[in-house]
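*Asks:* This is what each chain is made of:
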Amino acid sequence: SQQGEEDPQALSIQEGENATMNCSYKTSINNLQWYRQNSGRGLVHLILIRSNEREKHSGRLRVTLDTSKKSSSLLITASRAADTASYFCATVSGYSTLTFGKGTMLLVSP
Amino acid sequence: GAVVSQHPSRVICKSGTSVKIECRSLDFQATTMFWYRQFPKKSLMLMATSNEGSKATYEQGVEKDKFLINHASLTLSTLTVTSAHPEDSSFYICSARGDYNEKLFFGSGTQLSVL
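Here the protein sequences line up with chains A and B, keeping their order. Read left to right, the first sequence gives residues 1 to 110 (the numbering used here). Read left to right, the second sequence gives residues 1001 to 1115 (the numbering used here).
One or more hints might be untrue.
When the alpha-carbon atoms are kept at most 30 Å apart in a straight line, the in silico DSBU-like pairs for lysine-lysine are as follows [to be verified]:
(1) A:102 with B:1041
(2) A:102 with B:1066
(3) B:1103 with A:26
(4) A:70 with B:1066
(5) A:26 with B:1041
(6) B:1064 with A:56
(7) B:1020 with A:102
(8) B:1041 with B:1020
(9) B:1020 with A:70
(10) A:69 with B:1103
Listed next, with one range per pair, are the computed distances between beta-carbon atoms [unchecked claim]:
(11) B:1087 with A:66: 34 to 42 Å
(12) A:14 with B:1113: 20 to 28 Å
(13) B:1113 with A:15: 33 to 41 Å
(14) A:24 with B:1039: 18 to 26 Å
(15) B:1009 with A:67: 36 to 44 Å
(16) A:27 with B:1053: 24 to 32 Å
(17) B:1061 with A:38: 24 to 32 Å
Per the computed footprint, the stretches of chain B lying under chain A, defined by three or more beta-carbons under 8 Å from a beta-carbon of chain A, are [to be verified]:
(18) 1061-1071
(19) 1089-1095
(20) 1105-1114
FYI, nobody ran anything at the bench for these hints, they're computed from the structure. Idealized CB from N, CA, C, for every residue including glycine.
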């Protein structure tokens, strides 16, 4: 069953702009992870944030987590055309498998 | 980071044939491997979880006799789509996780087209 729900479903921006994607989930989690998928390829892990963390940075990525609202956001700053991909959030409860959301398709135009 | 190799990347087959997809962890021991199916512009749907040396655990609605999973070693899991039909056409992705590793490492996926 789907746990994470990303929005927007699709996002189109210009290079240099920031891209923000949101993820909402339903049950309590141990951690939340963001993955990226280029078209026709496997997923690449981007960042993991634990339930006791509120914010995390990795390069141009910034992830926030609000467990009271059961939501997370992924911010990509100074976007590049190469950031064009689908982005998925995935939640982990206990030591169980990841449950993926439906993804946000990001298009960054030069 | 860890590398997971998935092969083949694309396969086209006739209806009724069986197709085997391999997933290998190249530089770590994968105690658990996962098989996903993905439809165009959709999320990943977990099909089954396989642990080395034991039977795979299938998600509800996934036919275990149709999608045979073997995790014979700590570095190799295979998914065999038996008697494939056009409705089995999809993008199949494997992922692997080592002990105490919360991240998943994904293969590059296999696009299966059944004619």
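*Asks:* Does each hint fit the structure? Answer for all of them.
*Replies:* Checked hints:
no. : hint                         : verdict
1   : A:102 with B:1041            : holds, 8 Å
2   : A:102 with B:1066            : holds, 26 Å
3   : B:1103 with A:26             : holds, 21 Å
4   : A:70 with B:1066             : violated, 37 Å
5   : A:26 with B:1041             : holds, 22 Å
6   : B:1064 with A:56             : violated, 40 Å
7   : B:1020 with A:102            : holds, 27 Å
8   : B:1041 with B:1020           : holds, 24 Å
9   : B:1020 with A:70             : violated, 39 Å
10  : A:69 with B:1103             : holds, 24 Å
11  : B:1087 with A:66: 34 to 42 Å : holds, 40 Å
12  : A:14 with B:1113: 20 to 28 Å : violated, 36 Å
13  : B:1113 with A:15: 33 to 41 Å : holds, 35 Å
14  : A:24 with B:1039: 18 to 26 Å : holds, 22 Å
15  : B:1009 with A:67: 36 to 44 Å : holds, 39 Å
16  : A:27 with B:1053: 24 to 32 Å : holds, 30 Å
17  : B:1061 with A:38: 24 to 32 Å : holds, 28 Å
18  : 1061-1071                    : violated (count 0)
19  : 1089-1095                    : holds (count 3)
20  : 1105-1114                    : holds (count 6)
Figure legend: structure checked against the earlier numbered hints; hints not met, in rising order: 4, 6, 9, 12 and 18.
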